[in-house]
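K.L.:
Each chain, letter by letter, is given below.
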Amino acid sequence: MKALLRSVARGVGIVAALGLVACQTGGSGAAVGPKTSSRDVYVPADVARSEVVLRVSLPPAADCEERFDLELYRERGVDLIDWDARSGCSGRGVDITYFPERLPEPRLLERVRELATDVAPAPRPDVAPEAKKP
Amino acid sequence: MKTFSSWFGPLTLTLGLLPAALGLVQAYRIAPTEAAGRAENPRARVLAKIPDDPTVLINVKYRDLPASPDILEWGKRSTAALERCLADNVEAGIRIQCAVMLNALGDRRALGTLQTALEDWDENVRVEVVRALGRMPDPSSVAPLLALYRRSDETFSVRYAILQTLSSLSDQRVVRFLRTEMATEPDDDEPDIRPVAFRSLWAHRHLMGRATLVGDVRKALRSDNDALVYEATLASTELRSNRLVDALVPLMGHKREGVRNKAVYALGRIGDRKATKALLARLPKVRESRMLNNIAFALERLDKSAFYEAIDDLATHKQAVIRLNAAFVLGDVRDPQGLPLLKTALADASEYVKTSAVVAVGKLDAADAAQREEALRALAPFVTGDSLTLREHAIYATHQLSEGGRLDLIHDKLFQIDPKKYGRGVARGIRYRAAMALAEAGDDRVRAYVVDCVLGGSCATPTTRAYVTARADPSLRGQVLLGWARGKYWLTGMTSTLAPPGAQPLAKAMLEDAWPAPRSRNTREALLVLGSIGDAQVLPLVQRRTNVRFLRTKLQGHVARIRLGDPAASDDIVSTLEQMPADWLLAAVGTVAAADQPEARAALVPKLEALQKNADANLALAAAAIHLRWDPDRAVFRMLEGLRAASGQERRLAERYLRRTRGQRVTALLRRALAREGDDDVAARLRVILDRRRG
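Chains as they are written, first to last, in this note's numbering: chain A, 4 to 137; chain B, 18 to 712.
Take the hints with a grain of salt, since some may be wrong.
[Unchecked claim] Derived DMTMM-like pairs (lysine to aspartate or glutamate); straight-line CA-CA distance at most 20 Å:
| id | chain 1 | residue 1 | chain 2 | residue 2 |
| --- | --- | --- | --- | --- |
| 1 | B | K272 | B | D243 |
| 2 | B | K630 | B | E672 |
| 3 | B | K321 | A | D66 |
| 4 | B | K321 | A | E69 |
| 5 | B | K624 | B | D588 |
| 6 | B | K360 | B | D330 |
| 7 | B | K294 | B | D330 |
| 8 | B | K380 | A | E78 |
| 9 | B | K236 | B | D209 |
| 10 | B | K380 | A | E117 |
| 11 | B | K380 | A | E69 |
| 12 | B | K430 | B | D385 |
| 13 | B | K66 | B | D81 |
| 14 | B | K630 | B | D648 |
| 15 | B | K294 | B | D263 |
[What the hints assert, rightly or not] A few chain A residues facing chain B, derived, Cβ under 10 Å:
| id | residue |
| --- | --- |
| 16 | D43 |
| 17 | V44 |
| 18 | Y45 |
| 19 | S53 |
| 20 | P63 |
| 21 | A64 |
| 22 | L75 |
| 23 | W86 |
| 24 | D121 |
[Said to hold, decoys possible] Going by beta-carbon spacing under 8 Å, a handful of chain B positions derived as facing chain A:
| id | residue |
| --- | --- |
| 25 | V350 |
| 26 | D382 |
| 27 | R688 |
| 28 | R693 |
| 29 | E694 |
Calculated directly from the structure, the hints in this document are not laboratory data.
Idealized CB from N, CA, C, for every residue including glycine.
The whole structure should be built from the sequences, with the hints applied where relevant.
P.N.:
Rendered as structure tokens:
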């Protein structure tokens, strides 16, 4: 009997709590609590990183570089994409730092090929020192 | 005669001494007053008492109130006196000043006093008090602000200020209130406050469900208030919801140019192909270049084939201004697919259209050597043509297409232009632009020109300064030092980097010379150079200079100390930041970030990391902004935390600092954050920051 009463009381409590939440949100159509499902996270400097240096051509667009970055960064194994100081979409030098434990190099290159119109290995991009500075 | 001669001597003496005697009397009468004036100037007396006597401003008259910047130099040590001033001074003008200063300070200890002062009898005091509450957002302010707003006898200006302040409070009660206000039609005899209510509601967007938000924006887009419609078009660009398309399309024909343009821009950003037909239909009716460009860019995003069909018509339009803009758009799109149309434009009768086409060809992204050759061949006739304007643009376009490989053309045909042939004024401009392009490419042939213009201050940009610094010989170092000593402060950075012989004694002398004026520019510049050169011999002098009450000089001095190898300065830097008015923190970030030597950073970073957790968002975000300049990989996460903070004020501050912090690395980190962000609101804010950094 006690167990039954406890169960009923718990049920009433839950209903009351739900009611309270409904009251809180109902008036303003507001969302309660964080909506976050994912976000970027800091990876300590001592986690192993590798880099590939490439020369790529991207589908022409005013914001071709940004479009490429936004797609490639979806791969959590990519740490940083560092472009040469030139502008434009073709023949750009890019230095991609990645976490080989999470993203093997072949998989990374495959992804780059999907996003670019032309990809070739390159010597380290000719980047002006001041442009590379944070 | 004897009698006269016996009187003559004393009389002459008396007459001779009379002026002196009168002077003494005068001095006796005046000197005490002047002395009192100097020693006991009422303003100076009041100012001196502010940090220790909270009652000092209660009975002060307006003429005896010290200037606001002088009071603010006490920083948060002036809060108590300003609170009492606001509560107890009977002159409304003074209470207004005190409320304004409490706002600038942003010291949360004043919260209670400010809330009480919402009952002030003077309307203008209430306005300033309401604004100050926005600087220190707190849930306890919501109820009194809403109660004040609802008073039937409250004025429009106070209500307006309340709506603005509510934008900082981030509270569900505020969301409900603002949505009700938005839904209420204004009476005919009352000003329409819906645009400002909408702005405040938009500041609460992180507290609202997306569907509700989109619904509210849709409603605002259909409103009869132009200002509200404009606000809603801006919001639509950020929301990027397909549900807004049908409300935005009719706005392309709105009577206000701003609304028309923002509506088109929003449609392009939303990227819903449903809008293509409407954009195409609008195109022939366009009457301004900005609108034409916005439509073309929107089409390019939505439907490439529709874009090329439309741009084909525009490029061959009867009106030159339309053909000119078509060429401009083709250049910005960068697609070599536009080259045939641009070649047609290069043969246009109008020189303006030709110029626009030449520039556009230079921007094209040639995918292979054949495409590049074709573009270069199209430009070739203009490189040697008669028109000077076209020639100049064609040379730069050729240089750009050749991936920076035609510096020879820029040097020979532009930098060495003959002023006698083209006129001194025209030649000067062409030569200047050529020199800047060559300097950017690191070409030594323009060294003398660039040195002269950097020293003269007419082209002191970061690029030219770096160019000159990299080529500095002993003679140039001397010239830089001489220029700096003569007050050319744009040379401070170069003086610090080059550290010419004699810079330290000169900076030291400058600091000593400016000793009676601790707030002077000379003091700050001298401290900057002494800190950069880094010779610890001057440390005692710099330490002495920090013994002033002036917070900005103090901070500059502590920064110089830490750069000179005094790690104890890190605590003083933090305590000075804590004392500073919130208004000054934005500038303070740059001052502290200058201390970028590894030892200085090692001493400061742990303290800044602790400060980043401070409950005062102004202080926490300023600390994070300093850290961001030194170690963006790590510090960017505090900024991202700021973007998703419960407080709208913190979100805005984080946005502001992220927009201001330059550098390719920060851009890369923001793109990474955007690609991985799961929260719609944070993602939208990141997108806006990235767009603004690019623009």
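K.L.:
It remains to establish, for every hint, whether it holds in the given structure.
P.N.:
A quick look at each hint next to the structure:
1. Taken as a hint, the K272(B) and D243(B) pair is honoured in the structure, with Cα atoms around 9 Å apart against an allowance of 20 Å.
2. Between K630(B) and E672(B), the direct Cα distance comes to roughly 18 Å. Compliance with the 20 Å bound is thereby established for this hinted pair.
3. A threshold of 20 Å between alpha carbons decides the hint, and for K321(B) with D66(A) the separation of about 15 Å falls inside it, so the pair holds.
4. Distance hint between K321(B) and E69(A) is fulfilled; the C-alpha atoms sit about 19 Å from each other, no more than 20 Å.
5. A threshold of 20 Å between alpha carbons decides the hint, and for K624(B) with D588(B) the separation of about 8 Å falls inside it, so the pair holds.
6. Of the supplied pair hints, the one linking K360(B) and D330(B) holds, its CA atoms being roughly 15 Å apart against a limit of 20 Å.
7. Taken as a hint, the K294(B) and D330(B) pair is honoured in the structure, with Cα atoms around 16 Å apart against an allowance of 20 Å.
8. This hinted pair does not check out: K380(B) and E78(A) have alpha carbons roughly 31 Å apart, beyond 20 Å.
9. Simply put, K236(B) and D209(B) have alpha-carbon atoms about 16 Å apart, close enough for the 20 Å limit, and the pair holds.
10. Between K380(B) and E117(A) the alpha-carbon distance is near 25 Å, which puts this suggested pair outside the 20 Å criterion.
11. Among the hinted pairs, K380(B) with E69(A) is consistent with the structure: their alpha-carbon atoms are about 17 Å apart, no more than 20 Å.
12. The straight-line distance between the Cα atoms of K430(B) and D385(B) is roughly 28 Å, outside the 20 Å bound, and the hint therefore fails.
13. A C-alpha spacing of about 13 Å is found between K66(B) and D81(B), which places the hinted pair at or below 20 Å, so the restraint holds.
14. Distance hint between K630(B) and D648(B) is fulfilled; the C-alpha atoms sit about 17 Å from each other, no more than 20 Å.
15. This hinted pair checks out: K294(B) and D263(B) have alpha carbons roughly 12 Å apart, not beyond 20 Å.
16. Interface restraint check for D43(A): the shortest CB-CB distance to chain B comes to about 4 Å, inside 10 Å, so the restraint holds.
17. For V44(A), the shortest C-beta to C-beta distance to chain B is roughly 8 Å, which falls under 10 Å, so the interface hint holds.
18. With a cut of 10 Å, the hint placing Y45(A) at the interface with chain B holds, because the nearest CB-to-CB distance is about 5 Å.
19. For S53(A), the interface hint is violated, the least distance from its beta-carbon to any beta-carbon of chain B being 17 Å, above 10 Å.
20. Hint status for P63(A): holds, given a least beta-carbon distance of 4 Å to chain B, under 10 Å.
21. Taking 10 Å as the C-beta contact cut-off toward chain B, the hint placing A64(A) at the interface holds, the least distance being around 7 Å.
22. Proximity of L75(A) to chain B holds as hinted, the smallest CB-CB distance being about 8 Å (cut-off 10 Å).
23. The restraint placing W86(A) at the interface with chain B holds, with a minimum CB-CB distance near 7 Å, inside the 10 Å limit.
24. For D121(A), the interface hint holds, since its Cβ comes within 10 Å of a Cβ in chain B; the closest pair sits about 7 Å apart.
25. Checking V350(B) against chain A: minimum C-beta separation of about 6 Å stays under 8 Å; hint holds.
26. At about 4 Å, the closest approach between the beta carbon of D382(B) and any beta carbon in chain A falls short of 8 Å, and the interface hint on this residue holds.
27. The beta carbon of R688(B) is positioned within 8 Å of a beta carbon in chain A (closest approach about 4 Å), and the interface hint is therefore held.
28. The beta carbon of R693(B) comes within 4 Å of a beta carbon in chain A, closer than 8 Å, and the hint placing it at the interface holds.
29. A distance limit of 8 Å between C-beta atoms decides the matter here; for E694(B) the minimum to chain A is near 6 Å, and the interface restraint holds.
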